[in-house]
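> When you get a sec, could you build the whole thing from the sequences and use the hints?
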Amino acid sequence: MNYWPLLGVAVIVVGFLLRFNPVLVVVTAAISSAMLAGFTVPALLALLGKSFVSSRMLLIFVLTLPVIGLLERAGLREHAQRWMNHLHGLTLARLLIGYLLLRQLLAMLGLTGVAGPAQTVRPLLAPMGEAAAEKILPTLDDADRDELRAVAAATDNMGRFFGEDVFVAVGGVLLIQAFYVQHGIELTPLSIALWALPTAIAAFVIQSVRIWLYQRRLQRRAADASTESAG
Amino acid sequence: MLRIEYAYWLIAAFLLYTGLRNLRERHGWHAAFWLVLGVLFGTGDYVLAQQAAGNALPAQLAGAGVIVLALLAPRLRRHAHVEGNSAEQRLQSAIRLGHRLFVPALLIPLVTLLVALFGAHLFIAGHAVFATAQMTLTGLALACLVALFAAAQVAHAPMHDGLAEGRRLLDAIGWATLLPLLLAALGEVFTQSGVGAAITALAGTFLPTGSAFACLLAFALGMVLFTVIMGNAFAAFPVMMAGIGLPLLIHRHGANPAILGSMGMLCGYCGTLLTPMAADFNLVPAALLELRSPYGVMRAQAWSALWILATTFMLMWLLVFR
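Chains as they are written, first to last, in the numbering used here: chain Z, 4 to 234; chain D, -12 to 309.
Hints listed in this document are in silico derivations from the structure and should not be mistaken for laboratory results. On a predicted model such as this, the values are computed, not experimentally measured, just so you know. Among the hints, erroneous ones may be present.
Derived DEER-like restraints, expressed as beta-carbon distance ranges [what the hints assert, rightly or not]: (1) D:Leu306 <-> Z:Thr142: 31 to 37 Å; (2) D:Tyr33 <-> Z:Gln222: 56 to 62 Å; (3) Z:Thr142 <-> D:Gly197: 20 to 26 Å; (4) D:Arg239 <-> Z:Gln222: 33 to 39 Å; (5) D:Leu189 <-> Z:Arg219: 41 to 47 Å; (6) Z:Gln222 <-> D:Ser73: 30 to 36 Å; (7) D:Arg239 <-> Z:Leu177: 42 to 48 Å; (8) D:Arg239 <-> Z:Val184: 17 to 23 Å; (9) Z:Gln222 <-> D:Pro61: 40 to 46 Å; (10) Z:Gly101 <-> D:Trp16: 39 to 45 Å; (11) D:His147 <-> Z:Thr191: 48 to 54 Å; (12) Z:Phe23 <-> D:Val90: 40 to 46 Å; (13) D:His147 <-> Z:Asp227: 30 to 36 Å; (14) D:Ala120 <-> Z:Gly187: 38 to 44 Å.
From chain D, some residues computed to sit far from chain Z (all C-beta separations above 10 Å) [said to hold, decoys possible]: (15) Met(-12); (16) Glu12; (17) Leu22; (18) Phe28; (19) Gly31; (20) Leu35; (21) Leu48; (22) Phe105; (23) Ala107; (24) His114; (25) Ala201; (26) Leu260; (27) Trp294; (28) Phe308.
Note that CB positions come from ideal geometry on N, CA and C, so glycine has one too.
Written out as C-alpha cells, the structure reads:
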C-alpha cells in the first residue's frame, strides 16, 4: 500500500489552517497527491483538465447574476424589505421555517435547482429576513446582518440537503443503488429513498428549533435595550 | 434541441465579457483570470470529445490553464466598483415599480420548474426541445435568459445594463467561483491517486472489527471525516462502503443495506455542511451574500449539522441491525 498520496490531504489541512488562498491550496494538493502516486506530468495535466471541464455545471449559477444585478439596481432588495414591513403576521421565524419547508418539499420532488443561494436567498430571502429582523430589533448592526444572511443561507442548505435524498431519482440514491448492484446486492431506489425520511423530519425539527432560538435571542436583546433606555 | 452545452457557451460569453471589461479598466490580473476561465468553458466540449477520441493534448492544455488560474487567484483583490444607482435612487425605483420587481426574480425558479416537470414532453415538429441530460440545469439557464429579458422590461433598462451589473457581482465573488470545480477535480485526482484506499487500509489496522457498534461508529464518523476532507459525500461513500460498510457491517454483522446506505450517505451530508471543501454550499454563498467572513455560513449551520448527525446515527444504530 502506497501511503504517500495521503500527503495531499495534509496539504489541504495545513493550507486551510494557514489561510493560504484556497484555490492555490486545492491545486497544490491535487498536484502533490498525483505526483506521489506516480503520475507523469502530462497524465496529471490531462486528469486535472478533464475533471475540471467535466464539472462545468457547478458554475451555472453565474447566469443568474445579470438578472439579480439588474433587479437589485432597480430596487428589488429595498422593495422586499418594504413589503416585509407591511406583512405583520410574518415573523422572522415563520419566514425562515416556511422557506425551509418549501425548500425541503421541492428537493423531495427532485427540484433542487429551483431555489438556491443565487436564485432565491440573495434576491429574496435575505432582504426579507433582514426586514423581519429589523422589526424585532431596529438597531441591527453589520455583524447582525452578516449573521442573519448566514442563517438564511444555512437554512437553504439544510432544506436542500435533507430533502433531496428522499427523491428516488437523485444522484445520492442512484449512487447508493449502483454501488450495491456492483457488489451483487439488488435494491430498488425507493427502498433506499424511504430511509432518508426519518432524517429529513429530524433535520426540519432541529433547524426550526434553532431558527426559533435565534429569533428569541434577537427578541431578548430588543427587550434588554428597551429596559435600558427606559431605566 | 436545447442542450446543456449551450448554457456553458453562455457562461463562457459572460466570463469573456467580464474579462474584457476588466481589461479595458486596466485590472490586468482580473482580466487574465476571467479570460482563461472563459476559454476553458468555451472549449470544454472540444476537450472532452478529443480526450474520448484518444487525443490528450487539449485536456493537458486545459490542465495547464487550471494551474494558471490557481496562480492568478491570490492576485485578485476586490476593487471598488461604482454602484450603478445610489441607495436613494434604488428606493425611489422600488416604490415606483413595487411588486413588478418580483416577477423576473420569481421567473427564474418558475421557468426552471416548468422545464423540469414538462420539458421531457415538449416536442416541435417531432424533435424534443430539451435534451434529457441535465434538463433541469438547461432549464435554469433558459430561465435566466427569460428573466433577464423580463427584468430589462420591468426596469426600463437595456439588457446590457444587466451584463454590467452581473459582471460587478461576479468580480465581487472573485476566485470563490472557481472552488467548486476545482474541488470536484481534486476529488477525482484523490480517487485516482489511491487516497481513499490508503485511508481505509489505515482504519482497518486500528478498528476492533468484532464490535458492531464500533464498526458502525467508525463507518459514520469515517463518512463525515472523509466528506470533510473531500468536500463531497459522493466521493466518501464508495470508499467507506468498500472499506467498512460492505465487508464488516453488511457481511459480518448483518446490517440492512438500504438503511446503511441511505443513512450513511446522510451522515456524509452532515460533513458537507462543516467543511470549506464543499465550497459551492459554504464559501460561495458567503461570497454571494457579501459576508465579511468566508466561514459565516458554516458557522451558522455547524450546530444544526452536528445535531442532525447525532440523531441520524442514533436512528441508524436502532434500525440497521434489526
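> Would you mind marking each hint as holding or not holding in the structure?
Taking the hints in turn, this is what the structure says about them:
1. Checked against the given bound of 31 to 37 Å, the beta carbons of leucine 306 (chain D) and threonine 142 (chain Z), roughly 48 Å apart, lie outside it.
2. Between tyrosine 33 (chain D) and glutamine 222 (chain Z) the beta carbon distance is about 58 Å. The supplied range of 56 to 62 Å therefore holds.
3. Restraint check, threonine 142 (chain Z) to glycine 197 (chain D): a C-beta distance of roughly 60 Å breaks the suggested window 20 to 26 Å.
4. Under the hint 33 to 39 Å, the C-beta atoms of arginine 239 (chain D) and glutamine 222 (chain Z), about 53 Å apart, miss the expected range.
5. At roughly 45 Å, the beta carbons of leucine 189 (chain D) and arginine 219 (chain Z) sit within the given window of 41 to 47 Å.
6. At roughly 33 Å, the beta-carbon separation of glutamine 222 (chain Z) and serine 73 (chain D) lies within the given 30 to 36 Å, and the hint holds.
7. The beta-carbon spacing between arginine 239 (chain D) and leucine 177 (chain Z), approximately 27 Å, falls outside the hinted interval of 42 to 48 Å.
8. A beta carbon spacing of about 21 Å between arginine 239 (chain D) and valine 184 (chain Z) agrees with the range 17 to 23 Å that was offered as a hint.
9. The hinted window of 40 to 46 Å between glutamine 222 (chain Z) and proline 61 (chain D) holds, with their beta carbons roughly 43 Å apart.
10. A C-beta distance of roughly 43 Å is found between glycine 101 (chain Z) and tryptophan 16 (chain D), which places it inside the suggested range of 39 to 45 Å.
11. At roughly 51 Å, the beta-carbon separation of histidine 147 (chain D) and threonine 191 (chain Z) lies within the given 48 to 54 Å, and the hint holds.
12. Checked against the given bound of 40 to 46 Å, the beta carbons of phenylalanine 23 (chain Z) and valine 90 (chain D), roughly 44 Å apart, stay inside it.
13. A hinted range of 30 to 36 Å is violated for the C-beta pair histidine 147 (chain D) and aspartate 227 (chain Z), which are about 50 Å apart.
14. In this structure, alanine 120 (chain D) and glycine 187 (chain Z) break the distance hint of 38 to 44 Å, their C-beta atoms being roughly 29 Å apart.
15. With a closest Cβ-Cβ approach of about 18 Å to chain Z, methionine -12 (chain D) is found to remain outside the 10 Å limit, as its non-interface label requires.
16. Every Cβ of chain Z is farther than 10 Å from the Cβ of glutamate 12 (chain D); the closest lies at roughly 17 Å, confirming the non-interface assignment.
17. At the 10 Å boundary, the C-beta of leucine 22 (chain D) stays outside the reach of chain Z, the nearest C-beta of that chain being 15 Å off.
18. Residue-level check failed: phenylalanine 28 (chain D) sits 6 Å from the nearest beta carbon of chain Z, not beyond 10 Å.
19. With a minimum CB-CB distance of about 4 Å to chain Z, glycine 31 (chain D) fails to clear the 10 Å threshold, and the non-interface call is violated.
20. Annotated as non-interface, leucine 35 (chain D) brings its C-beta within 10 Å of a C-beta of chain Z; the closest such distance is 6 Å.
21. Taking the minimum C-beta to C-beta distance to chain Z, about 7 Å, the non-interface status of leucine 48 (chain D) is violated against the 10 Å cut.
22. Here phenylalanine 105 (chain D) stays apart from chain Z, with its beta-carbon at least about 13 Å from theirs, past the 10 Å limit.
23. Alanine 107 (chain D), annotated as away from the interface, keeps every beta carbon of chain Z farther than 10 Å; the closest lies near 12 Å.
24. Distance check on histidine 114 (chain D): its Cβ is at least 23 Å (rounded) from any Cβ of chain Z, clearing the 10 Å threshold; non-interface status holds.
25. Listed as outside the interface, alanine 201 (chain D) is consistent with that label: its C-beta sits roughly 22 Å from the nearest C-beta of chain Z, beyond the 10 Å cut-off.
26. The claim that leucine 260 (chain D) lies off the interface is violated: its Cβ sits roughly 6 Å from the closest Cβ of chain Z, which falls inside the 10 Å cut-off.
27. Not every beta carbon of chain Z lies more than 10 Å from that of tryptophan 294 (chain D), the smallest distance being close to 5 Å; the non-interface claim is violated.
28. Every C-beta of chain Z lies more than 10 Å from that of phenylalanine 308 (chain D), the closest at about 14 Å, which supports listing it as non-interface.
Of the hints listed earlier, those the structure fails to meet are numbers 1, 3, 4, 7, 13, 14, 18, 19, 20, 21, 26, 27, in rising order.
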